[in-house]
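Protein chains in written order, with numbering that gives the first Met the number 0: chain Z, 0 to 252; chain G, 0 to 250.
Everything labelled a hint here was simulated from the structure, so no lab data went into it. It should be emphasised that the depicted structure is a prediction, and the values quoted were computed from it without experimental measurement. No false leads were slipped in.
Distance condition first, Cα-Cα at most 16 angstroms in a straight line; then the derived EDC-like pairs of lysine to aspartate or glutamate:
#  : chain 1 : residue 1 : chain 2 : residue 2
1  : G       : Lys242    : Z       : Glu132
2  : Z       : Lys73     : Z       : Asp60
3  : Z       : Lys77     : Z       : Glu152
4  : Z       : Lys150    : Z       : Asp32
5  : Z       : Lys77     : G       : Glu151
6  : Z       : Lys73     : G       : Glu151
7  : Z       : Lys150    : Z       : Asp114
8  : G       : Lys242    : Z       : Glu95
9  : Z       : Lys123    : Z       : Glu95
10 : G       : Lys162    : Z       : Glu95
11 : Z       : Lys123    : Z       : Glu174
12 : G       : Lys162    : G       : Glu151
13 : Z       : Lys181    : Z       : Glu152
14 : Z       : Lys77     : Z       : Glu182
15 : G       : Lys242    : Z       : Asp127
Residue-level listing of the chains:
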Amino acid sequence: MRTKIEVRNLTKTFASDKGRLPVVESVSFEVRDGEFVAIVGPSGCGKSTLMNIIAGFVAPDTGAVLIDGAPRTKPSSKGILISQQGSVFPWLTVRENLMFGLNGHGPANNMEIADHYAGIVGLKGFEDSYPHELSGGMLKRAELARALVVKPEILYMDEPFSALDALMSLRMRNELLRILAKERHTVMLITHDVEEAIHLADRILVLSPRPTRIQATFEVPFPRPRRVSSSELQEMRVAILRELGVDRDELGS
Amino acid sequence: MQVKEALPSLAVIAALIAVWWLTVLATHSVIFPTPWAVVTGTLELLKDGTLWRHIGASLLRVGVGFGLAVCVAVPLGLWMGWVRGAYQTLNPIFQILRPISPIAWIPIAILWFGVGDASPIYLIFISSVFPMVVQTTVGVHTIEKRYLRAAENFGVSRRTLFKRVVIPAVLPQILVGMRIGLGVAWLVVVAAEMIALHSGLGYMIMDSRNAGNRYDLVIAGMIIIGLIGLSLDGIMRLLEEFKWVRWRYAH
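For reference, chain Z alone in the conformation it holds in the complex (with noise of 0.2 angstroms):
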């Protein structure tokens, strides 16, 4: 399958009180089109910061972004972040949120395709509702809507579902193998919970601490529904616990 995203060869320091910091130091990966990566790291490692600069937020020192083989310089609609904290503006109701990154269409138009996203995500009521009105839950189901609005060809997710309760974050990743099922989009999702990444994703690259290399790559090639309890998985997991330097004492099993 031809490659959506590469990655070559980044590298980011930051400007400290302390001098410089190395963030991230000569990742390259590629990741083809209709692919689920999941990128997992220590908290610190610099995540966040890799995943800003694939998106385009963020210029990088060196190095460069390759999507669909034409240089990123910024972000565009062609693929959309989704974060931790979210971004569902909360002074527009739900509609105008998922209307938001319409542009060029008709107003009439602009609605039904909203109301259709709010609908798949499972906010169908909501419509008229403001954030502060949804729970947790929910607004992340409105963030997920408004992203898959404008048919991005890429979704970002940095920690999309880790302010949520585990019951709910659960939801949320069924939920979202649901939609990606319907409609294929390439995924690169950053996390710190290797079993979500493990549940998700068709590979897992193992990022070390700060600067942030890439230091193992796992291809996940069990077929979905996948249950996370099942012995397979669990091997996986602890093979990557392992490499982010948990033990299996620790691990108590």
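Fit chain G to the known structure of chain Z by using the hints.
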């Protein structure tokens, strides 16, 4: 507000009035009025219609001066908040002008605008425009980056960015600025009217003192000023209930 919650403050007001009354009686003051004298004085002003005329004149000046200030401050604040160069150029000037008491402007206002209505309107404008510019600018500066990033991500036009993100995000701060601005405007109008004018609550107070030491009317004027100021602030608070700013106060 519940009646129960208002009870303590009503009790304090009643106690203050009682102390005032007893003090006047005990000291046999001939100039300082009793609360009852203030009430009869107010009724007298109401009957001959002068009170309404003065209130109307003061409110009109505040309305015009404050309205002009809003029209200037909001676009200027948005511009200064959005364009770095504008902020760097104008902010130092505003920081110098802002602490100058509006009272200090009175001689210049008279010089430029004479002793008509234009002088107090100018003073109100100059005193309420700065807090509103500052609040609006701060509002733009404190828009959370994640919202601007989302807008950038969706590649919306500049027009949509302003209409759908910047202005709605800043609106609650603009309202805060307007509350402060209107409060200052009301303070200033009374001060401005004490000089060289022939109408308004400030004039009424000075005139009552000068024309025969009518301190009952002086105090009546003060209390009315307080009550109107309270109502103006209450009206501004009502604006916070609007749906486009309610998100800020939810949770």
